[in-house]
Amino acid sequence: MTFVLLAEQILNGVQFGIMLFLMAAGLTLIFGVMGLINLAHGSLYMIGAFAAAAVAGMTGSFIMALLAALIASAAAGALVELLVIRRLYNKDHLDQVLATFALILIFSEGTRWVFGSFPLFLDIPASLSGPMTLPGGIQYPLYRLVLIGAGLSVALGLGLMITKTRIGIQIRAGKNDREMIAALGINISGLYTLIFSLGAALAGLAGALVGAIQSVQVGMGEPVLILAFVVIVIGGIGSIKGALIGALLVGLTDTLGGIFLPELLKFVTDPSTATSIGSSLSSMAIYILMGAILIWRPTGLFGTKL
Amino acid sequence: MIREHQLNKIILSIFLIIPLWAFVTDEPFTITLMTRATVFALAAVGLNIALGLGGLVSLGHAVFFGIGGYSMGILACHAQTYTPLMEWPMLVSGSKSMPLIWINAVIMSALAALLIGILSLRTSGVYFIMITLAFGQMFFFFSISWSAYGGEDGLSIYIRNEFPGLNTLVPIQYYALCLALLCTVLWINSRLINSPFGLALNAARQVPERVETVGLNPMRLKLAAFIISGAVTGLAGALFADLNRFVSPTMFSWQTSGEIMVFVIIGGVGRLFGPVVGALMFVALEHWLGGLSDFWHIYLGILLLGIVLFGRGGLIGMICGEARQHE
Numbered sequence: 000m001t002f003v004l005l006a007e008q009i010l011n012g013v014q015f016g017i018m019l020f021l022m023a024a025g026l027t028l029i030f031g032v033m034g035l036i037n038l039a040h041g042s043l044y045m046i047g048a049f050a051a052a053a054v055a056g057m058t059g060s061f062i063m064a065l066l067a068a069l070i071a072s073a074a075a076g077a078l079v080e081l082l083v084i085r086r087l088y089n090k091d092h093l094d095q096v097l098a099t100f101a102l103i104l105i106f107s108e109g110t111r112w113v114f115g116s117f118p119l120f121l122d123i124p125a126s127l128s129g130p131m132t133l134p135g136g137i138q139y140p141l142y143r144l145v146l147i148g149a150g151l152s153v154a155l156g157l158g159l160m161i162t163k164t165r166i167g168i169q170i171r172a173g174k175n176d177r178e179m180i181a182a183l184g185i186n187i188s189g190l191y192t193l194i195f196s197l198g199a200a201l202a203g204l205a206g207a208l209v210g211a212i213q214s215v216q217v218g219m220g221e222p223v224l225i226l227a228f229v230v231i232v233i234g235g236i237g238s239i240k241g242a243l244i245g246a247l248l249v250g251l252t253d254t255l256g257g258i259f260l261p262e263l264l265k266f267v268t269d270p271s272t273a274t275s276i277g278s279s280l281s282s283m284a285i286y287i288l289m290g291a292i293l294i295w296r297p298t299g300l301f302g303t304k305l
Numbered sequence: 000m001i002r003e004h005q006l007n008k009i010i011l012s013i014f015l016i017i018p019l020w021a022f023v024t025d026e027p028f029t030i031t032l033m034t035r036a037t038v039f040a041l042a043a044v045g046l047n048i049a050l051g052l053g054g055l056v057s058l059g060h061a062v063f064f065g066i067g068g069y070s071m072g073i074l075a076c077h078a079q080t081y082t083p084l085m086e087w088p089m090l091v092s093g094s095k096s097m098p099l100i101w102i103n104a105v106i107m108s109a110l111a112a113l114l115i116g117i118l119s120l121r122t123s124g125v126y127f128i129m130i131t132l133a134f135g136q137m138f139f140f141f142s143i144s145w146s147a148y149g150g151e152d153g154l155s156i157y158i159r160n161e162f163p164g165l166n167t168l169v170p171i172q173y174y175a176l177c178l179a180l181l182c183t184v185l186w187i188n189s190r191l192i193n194s195p196f197g198l199a200l201n202a203a204r205q206v207p208e209r210v211e212t213v214g215l216n217p218m219r220l221k222l223a224a225f226i227i228s229g230a231v232t233g234l235a236g237a238l239f240a241d242l243n244r245f246v247s248p249t250m251f252s253w254q255t256s257g258e259i260m261v262f263v264i265i266g267g268v269g270r271l272f273g274p275v276v277g278a279l280m281f282v283a284l285e286h287w288l289g290g291l292s293d294f295w296h297i298y299l300g301i302l303l304l305g306i307v308l309f310g311r312g313g314l315i316g317m318i319c320g321e322a323r324q325h326e
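First to last, the protein sequences are chains Z and Y. First residue of the first sequence? That's 0 in numbering that gives the first Met the number 0, and the numbers climb one at a time after it. First residue of the second sequence? That's 0 in numbering that gives the first Met the number 0, and the numbers climb one at a time after it.
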């Protein structure tokens, strides 16, 4: 276990965490402002990835692919909000879970119908492929560094938007008292549609960015969605800061757990048992982390009291 | 408008007539479909105890379904290969006996429900949904990485397990066994609803503060409901594994949790026979729509959206109207 390997794994964990943050930020905004639990967020992630892969296949341009992902997922988000989601704000969580589960079925099967069951591939643009040498002699893929940078700037932009702009003030006000801001003459249903498609665009962006290092296939969104739920439970619902810290914690735990748990167990048992038990344990590591945080703080690190 | 208890009798007679008719006309596949519906119904009856009585929106019931399935898979696979399950601290061998497998499935899933319940009941509302979903995913990944029992490929059991006095490989006999279990659990469930525990639980769902002021612990009531609920779904998992003679991590997947919840909602939350109707409808749709189109999940999704947005109280609610208290 060398320093270089450790540094690479930490970077992998950060990169994974940042992508989780893009998902979790949308979810937590939507829950914080509209009180809606959206299982179909993973479908928007998938739509972003498919739009990017399709456009990249046609035009060969990665920038166009990213734009297509943003537009397609934001449009899908707005459409779904107008048709279905806005009828759910006043219903209980059970109805929201069921309706958004139904949306997953429709989106997944619809995508399978259009694109077929085989995975698509989205290539990393040539200018971003290949490794980059970091201080300390660490060779690290340039594209993953770009992902970290892009994710962090989105996080920063989102933070600035919420604290500094007019729309951010409206979002925060909507979180606290929706009747009041409606009474002040703000178009609340327009604001809700906007927030929902903003969350959708973030998910679609994450899907497109990750799509270039994994395969683009139906059902790719739901495992990420569930991890984003773990992030939100850890960070506290409704808190963007909580989502960022939770996402980094989950990303690092997942990546480092997979490397270190088998290594640590080798001190206790023979190598083959250590590898098999270690890999089983590491697949559970983030959920154990979640359980521990629940015992310590039931509403998450930055959550308000229920 | 039909009264709910009359409708229940009609539903039960459907479960008797169709398989008997299929048996007479020699259509074993219909019997297998009905067995599938019966087992799904049992799983959903389990969830309905937590969801309908306790108000606990658990999106992780696949955990118990999967644990039930693997209880069967692990015990039967050791019996099949004549290897002991464990040698230390005492020798335990596998088993092909259904009653033993069922008891094991119930105990194991009840234990898992106890652990998950203690952790998730510290929260409520939307946190509870997310946490149960996350624990479900934890078991899913664990079962994939646990290579000793097939990992991603699952476990095949060549011969269905044995029940004293029956030939379980004959479809109608296995169906009868599953239906008898479903009826027993439904009977217990109906007794539970009007028992002091059921009434207290009902109150704890509606106004936990009042329950607390009369000296009951709402958290403990909900935990007990969650454990009973998990145990019933675990039993269904063992039956499902025996029906297919196959267990795989799919039983733990979040889609399974979602589907079990769909059964309850289609039929009617909190209604004794709601999950039963829901499971029957689901299997019928799966069979008919699945024959019409490869993409039948789209139609299922649209139907579900319609039920959530426009239907009140599922199928039973549409036929019988609002639930009567203490009927």
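It is worth saying that the hints were derived from the structure and are not from the lab. Beta carbons are placed, not taken as given, at the ideal position from N, Cα and C, and that holds for glycine. Don't take each hint at face value.
[As the list claims (entries may be wrong)] Which chain Z residues stay away from chain Y? Per the calculated CB distances, all over 10 Å, these: (1) ALA98; (2) SER279; (3) MET289.
[As the list claims (entries may be wrong)] Partial list, derived from the structure: chain Z residues whose beta carbon lies under 7 Å from chain Y: (4) ALA74; (5) LEU93; (6) LEU104; (7) ILE105; (8) ASP269; (9) THR272; (10) LEU288; (11) GLY290; (12) ILE292; (13) ARG296; (14) LEU300.
Structure versus earlier hints, numbers of those that do not hold, lowest first | Hint check: 1, 2, 3, 4, 8, 9, 10, 12, 13, 14 fail, others pass.
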